[in-house]
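A.B. asks: Put together the whole structure using the sequences plus the hints.
Here the sequence shown is numbered in my numbering, starting from 78 and rising by one per residue.
Hints listed in this document are in silico derivations from the structure and should not be mistaken for laboratory results. All figures in this text were calculated on a predicted structure; none of them were measured in a lab. Please note that the accuracy of each hint is not assured.
To be verified - The following label-pair restraints were derived from C-beta to C-beta distances:
| hint | residue 1 | residue 2 | range |
| --- | --- | --- | --- |
| 1 | D137 | R188 | 33 to 43 angstroms |
| 2 | E256 | I212 | 36 to 46 angstroms |
| 3 | Q227 | S124 | 30 to 40 angstroms |
| 4 | H191 | Q247 | 36 to 46 angstroms |
| 5 | P205 | R242 | 14 to 24 angstroms |
| 6 | Y209 | N248 | 15 to 25 angstroms |
| 7 | L222 | H105 | 18 to 28 angstroms |
| 8 | A162 | Q260 | 34 to 44 angstroms |
| 9 | Y190 | T239 | 16 to 26 angstroms |
| 10 | T104 | A235 | 16 to 26 angstroms |
| 11 | H105 | G208 | 22 to 32 angstroms |
| 12 | Q213 | Q260 | 41 to 51 angstroms |
In this text, a Cβ means the ideal position worked out from N, Cα and C, and glycines have one as well.
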Amino acid sequence: MTKIALFGTSADPPTAGHQSILRWLSTHYDWVGVWTSDNPFKTHQTSWSHRMAMLKLLIDDINLPRNNIYLSEKLSHRCSLISLAKAKEIWGNNPDYSLVIGSDLVSQIRRWYHIEDLLDQVNLLIVPRSGYDLIQKDLIALKKLGGNYQIAALNAPAVSSTAYRENQNQNVLIQPIQEYISQEQLYR
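C.D. replies: Take a look at the structure:
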């Protein structure tokens, strides 16, 4: 069965951590669908089009043995259930879909749009994030909603977009994104 990872991210901006996750996903899944969208629980400083352009730079910078990362505007929606429906238009109903979320989202996922419907159609792949321990009661609540999950055996760099926006730490970004931000005069 074809395995597809769905990785929607606010990517404001995309970091070396996002790149590490995408690299890992591409070696563990047949296809990786990726998009940027607005998280309804966050405010964003940068337009969607800039974030998509930076994600493209991030993906283009990954040296992969397979060309299986699919960046798509079509998948972009603030509701993961709708992004999943769009993924099914691309890859069909038969693949095994996994929605990729960071450990920081496990506690809020219960508030997502039609979460039971979403969990009925996807498995969750939880990517550990520094500073966001997985809390047993959140995982139990996820199971009660019908969620099947795995925890990725991945040690992504302990970096975040928020830390970049707040501190302008260039070390969390790859060079092409640093150049894009400078050229477009973003995050000032």
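A.B. asks: Confirm or reject each hint.
C.D. replies: Now the hints, each set against the structure:
For D137 paired with R188, a C-beta distance near 34 angstroms keeps the hint of 33 to 43 angstroms intact. Against the hinted window of 36 to 46 angstroms, the Cβ-Cβ separation of E256 and I212 comes to about 39 angstroms, which satisfies the hint. The supplied range of 30 to 40 angstroms is met by Q227 and S124, whose beta-carbon atoms lie about 33 angstroms from each other. Between H191 and Q247 the C-beta distance comes to about 40 angstroms, which sits within the given range of 36 to 46 angstroms.
A hinted range of 14 to 24 angstroms holds for the C-beta pair P205 and R242, which are about 22 angstroms apart. The hinted range of 15 to 25 angstroms is satisfied by Y209 and N248, whose Cβ atoms lie roughly 20 angstroms apart. At about 25 angstroms, the CB distance of L222 to H105 agrees with the hint of 18 to 28 angstroms. Here the CB-CB span from A162 to Q260 is close to 35 angstroms, well matched to the stated 34 to 44 angstroms.
Between Y190 and T239 the Cβ separation comes to about 23 angstroms, which falls inside the hinted range of 16 to 26 angstroms. The hinted window of 16 to 26 angstroms between T104 and A235 holds, with their beta carbons roughly 21 angstroms apart. Between H105 and G208, the C-beta spacing of about 24 angstroms keeps the proposed range 22 to 32 angstroms intact. At roughly 46 angstroms, the beta carbons of Q213 and Q260 sit within the given window of 41 to 51 angstroms.
Of the numbered hints listed earlier, not one is contradicted by the structure.
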